[in-house]
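So you can see what is in the structure, the chains are spelled out below.
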Amino acid sequence: MLRESSQRSGTLDSLNLQGTVNPDTDSGVAHGSLLTAFAEAAVRQTDALPGLRKRIATELGPQELVDAAGIVANFQRMVRIADGCGIPLDDFTREATDDCREELGIHEYASAANTA
Amino acid sequence: MTTTTEAFAYADGTWPVLERVPEAHRRSWTMLASAGEWWTGAERISIAAECRRASALVDGRPDPGRGPAVLPDAATFAVHKLIGDLPNVTRDWYDETISAEGMSDAHYIELLGVVVHVWSIDEFHRALSIDLEPLPDPIPGEPTRIRPAGIRANGSWPPTILPEDLHETEADIYGGSERTSNVRAAMSLHPDSVRWLSDLFDAHYLSWVEIQSVQEPFRVLTRPQRELVAARVSALNECFY
Numbered sequence: 010m011l012r013e014s015s016q017r018s019g020t021l022d023s024l025n026l027q028g029t030v031n032p033d034t035d036s037g038v039a040h041g042s043l044l045t046a047f048a049e050a051a052v053r054q055t056d057a058l059p060g061l062r063k064r065i066a067t068e069l070g071p072q073e074l075v076d077a078a079g080i081v082a083n084f085q086r087m088v089r090i091a092d093g094c095g096i097p098l099d100d101f102t103r104e105a106t107d108d109c110r111e112e113l114g115i116h117e118y119a120s121a122a123n124t125a
Numbered sequence: 008m009t010t011t012t013e014a015f016a017y018a019d020g021t022w023p024v025l026e027r028v029p030e031a032h033r034r035s036w037t038m039l040a041s042a043g044e045w046w047t048g049a050e051r052i053s054i055a056a057e058c059r060r061a062s063a064l065v066d067g068r069p070d071p072g073r074g075p076a077v078l079p080d081a082a083t084f085a086v087h088k089l090i091g092d093l094p095n096v097t098r099d100w101y102d103e104t105i106s107a108e109g110m111s112d113a114h115y116i117e118l119l120g121v122v123v124h125v126w127s128i129d130e131f132h133r134a135l136s137i138d139l140e141p142l143p144d145p146i147p148g149e150p151t152r153i154r155p156a157g158i159r160a161n162g163s164w165p166p167t168i169l170p171e172d173l174h175e176t177e178a179d180i181y182g183g184s185e186r187t188s189n190v191r192a193a194m195s196l197h198p199d200s201v202r203w204l205s206d207l208f209d210a211h212y213l214s215w216v217e218i219q220s221v222q223e224p225f226r227v228l229t230r231p232q233r234e235l236v237a238a239r240v241s242a243l244n245e246c247f248y
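Top line first, the protein sequences correspond to chains A and B. If you read the first sequence in the numbering used here, its first letter stands for residue 10, the second for the next number, and so on. If you read the second sequence in the numbering used here, its first letter stands for residue 8, the second for the next number, and so on.
Just chain A, same shape as in the assembly (with noise of 0.2 Å):
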């Protein structure tokens, strides 16, 4: 999905998907270093959380932050959902993500072997 929204965006050519995995590789998306760092600070309660809700207040905004936290919210059930469940991966989603999944690491999630 990142990848299409990249492409519809015109920014296609300066993602790096490492971006996802690996906090120390820009993505390539815009403020998408800073986004990544609140993301990891939420999921893990980090002490760096309260200094990096204030940069995104700052630097983006503060409906930007807000935004974040929803979506941070929102993937921490998600994620809960497809392993508590051992769902299948989608057919579009497996035909769209094969080739990077080898390649981010994907395969060796624990939860790889719920999800064939």
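Keep in mind that the hints were calculated from the coordinates and are not lab data. Please read all numbers here as calculations on a predicted model, not as lab measurements. Be careful, since some hints might not be right.
[Claimed, not checked] Calculated from the model, a selection of chain B residues having no Cβ within reach of chain A, i.e. all distances over 10 Å:
#1 Glu44
#2 Pro71
#3 Arg73
#4 Asp80
#5 His87
#6 Pro94
#7 Ala134
#8 Asp138
#9 Ile146
#10 Ser184
#11 Asp199
#12 Leu204
[Unchecked claim] Ranges of calculated distance between the beta carbons of each label pair, as one might list FRET restraints:
#13 A:Thr102 with B:Glu149: 32 to 42 Å
#14 A:Thr102 with B:Thr37: 46 to 56 Å
#15 A:Gln27 with B:Asp144: 46 to 56 Å
For each residue, glycine too, the CB sits at the ideal point set by N, CA and C.
We have chain A already, so just place chain B on it with the hints.
Just chain B now, kept in the frame of chain A:
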């Protein structure tokens, strides 16, 4: 405890929370407090309380206490597993859980629905350093124990309903779409959990219609930014799906 109409005021105004979010959170609290198909309102609130206990244990915070009803041991254990030990949620564990006393596949799915929605709302609060909303009082009522007619094995651990198998009582759960994703169908053994999922998904992320659209959504962050955050959260949870 607060009533659902008073809940989620976000009154201090520290962050500009758009009204669609507290509206969806208040609907969630009403859903939470009401009897479901397999659990009473008091039991559903106890599942939510256990969800908060599990989260507190993971983060090293004080125990917030149990809810108003006693849950089967397997239900309590399932809540803690789903919150704190997700990588070890396996098919064998699922089979063992739904076979335990007081449980079934339908009990499990309704429990999962409560856990993930309460967890999600709480995570929103934690991400913004907003105090957690007190859990609601239970609304009296008995579980209906109605199992949807179109349920069958479709590749997930629990049986699900495909769009072509929907009956009148749950005809709305996929928004009239002729196809759906496996994650949207995952909890269709308990159709209200699918409705709940859609409602909160729209408030926190995008509507299912926006997901399928090529148009940039009317949201603050751009689509690539939204999907980057989503992908990072999924990766941090090592979610293969």
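Results of checking the hints against the structure:
1. Chain A leaves Glu44 (chain B) outside its interface by the beta-carbon criterion, the shortest separation being 17 Å against a cut-off of 10 Å.
2. With a least beta-carbon separation of about 15 Å from chain A, Pro71 (chain B) lies farther than 10 Å from that chain, consistent with its non-interface assignment.
3. Listed as a non-interface residue, Arg73 (chain B) keeps its Cβ farther than 10 Å from every Cβ of chain A; the least gap is roughly 21 Å.
4. For Asp80 (chain B), the non-interface assignment is confirmed: its Cβ lies about 18 Å from the closest Cβ of chain A, beyond the 10 Å cut-off.
5. Residue placement check: His87 (chain B) keeps its beta carbon more than 10 Å from all beta carbons of chain A (closest about 12 Å).
6. Residue-level check failed: Pro94 (chain B) sits 4 Å from the nearest beta carbon of chain A, not beyond 10 Å.
7. Ala134 (chain B), annotated as away from the interface, has a beta carbon of chain A within 10 Å; the closest lies near 4 Å.
8. Listed as a non-interface residue, Asp138 (chain B) keeps its Cβ farther than 10 Å from every Cβ of chain A; the least gap is roughly 14 Å.
9. Distance check for Ile146 (chain B) against chain A: the nearest CB is about 23 Å away, which clears 10 Å, and the non-interface claim stands.
10. At the 10 Å boundary, the C-beta of Ser184 (chain B) stays outside the reach of chain A, the nearest C-beta of that chain being 13 Å off.
11. Every CB of chain A lies more than 10 Å from the CB of Asp199 (chain B), the least distance being 14 Å, so the non-interface label holds.
12. Chain A draws Leu204 (chain B) into its interface by the beta-carbon criterion, the shortest separation being 7 Å against a cut-off of 10 Å.
13. At about 39 Å, the CB distance of Thr102 (chain A) to Glu149 (chain B) agrees with the hint of 32 to 42 Å.
14. Distance hint for Thr102 (chain A) and Thr37 (chain B): a CB-CB separation of about 33 Å, inconsistent with the stated range 46 to 56 Å.
15. The hint said 46 to 56 Å for the Cβ distance between Gln27 (chain A) and Asp144 (chain B), and at roughly 48 Å that hint holds.
Going through the hint list in order, the structure does not satisfy hints 6, 7, 12, 14.
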